[in-house]
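Throw the hints in and build the complete structure from the sequences for me.
In case it helps, UniProt numbering puts the sequence shown at residues 1 to 312.
Source of the hints: derived by calculation from the structure; they are not laboratory data. Bear in mind the structure is a predicted one, so any value in this text is a computation, not a measurement. Check before you lean on any hint, since a few could be wrong.
As the list claims (entries may be wrong) - Ranges of calculated distance between the beta carbons of each label pair, as one might list FRET restraints:
#1 Gln55 with Asp301: 18 to 28 Å
#2 Ser297 with Asp158: 46 to 56 Å
#3 Ala205 with Asp158: 39 to 49 Å
#4 Thr291 with Asp246: 28 to 38 Å
#5 Arg189 with Ser297: 22 to 32 Å
#6 Gln55 with Gly249: 20 to 30 Å
#7 Pro230 with Ala205: 19 to 29 Å
#8 Asp52 with Ala254: 35 to 45 Å
#9 Asp81 with Asp271: 35 to 45 Å
#10 Ala91 with Asp265: 15 to 25 Å
#11 Arg189 with Ala254: 19 to 29 Å
#12 Ala245 with Asp270: 21 to 31 Å
#13 Ala85 with Asp271: 22 to 32 Å
#14 Ala85 with Arg189: 43 to 53 Å
Just so you know, even glycine gets a beta-carbon here, dropped at the ideal spot from N, CA and C.
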Amino acid sequence: MSPVLGDTAGDPVPPVLGGTRLPVHDDAPVPPHPSADARNEAVAPSAFAAIDWTQPWFSPFARRGRRWQQAALAGYARYLDELNADARASARHTGRGEPLSFIAQDDLPPGAAYEAHIAATGCVPTRHNLHDFFNALMWFAFPRIKAALNARQSAAIDALGVGPTRGGLRDALTLFDENAVLFACADPRLSAALRGFEWHTLFVAGRAAWGERCEVRPFGHALLEKLIAPYRACTAHAWIVDVPADYFGWSADARDAWLDRAVADRLAGDDDLTPRRFAPLPVLGIPGWWTENEAASFYDDATVFRRGRRAR
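This is the structure we're talking about:
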């Protein structure tokens, strides 16, 4: 079987989560969040300078992100202080209602499960690197979604423990957390095109609909880390959200707040959540995200814009 993401287009090279590679098949196990012992590495502070806030996938988070970037460049302690000042001011909460805060990765107790620790204490173990930088940003951009994911992850750990495999539910939650985009859509034809790998319909014939009847909001922090150095086959797991027609007349903040509530409610009550619920989406095909896709021939690359098993 060819190495495709889910059953489609994209990533001939599996996406990277820091030093861990994300599985590329729907039925493949997803690695647990790394422990303090396995992933306590830091990056050179200069790595944070690589974030280009003018890029469309980073720009929604630029107001807070630029300030955090400067703190991260100044050092690990300054960076954690900045995150915690924002956490106190915003009164965010984790999956079981604990006040959100950020701690050094070394402060995660040995053997503690990452998600369970966050739910029980409110403390998010955070390394001085880009992966955890984008994870922290999502706690502020989409706090209800992050809390819903954490609640379900920790409940699954309580029920089943931490074993050699995670199971379909925790696989899906991890894929959402790490690699999802929210595909907000008011046109069922476009949602169907995404589900059916009909790339010409979605990106060429339907190009004028982008920004008026559909859009993508980035969420997965590993995806954002990959987009520091974007490549043509970079592929997200798209979570399709049906939105009202007037959604596209709202401000960006109002759209994000609506998505945050709607998606969190859906995640909390979804009893049939598996990796197959996502639709693969090669993100550099999104209109306005990459200048090369202004030419219709960009979508002729069958190594990226594949038909997929479901389409076949």
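Query raised in the report: Among the hints numbered above, which are violated by the structure, and what are their numbers in rising order?
Result: Structure breaks hints 8 and 13.
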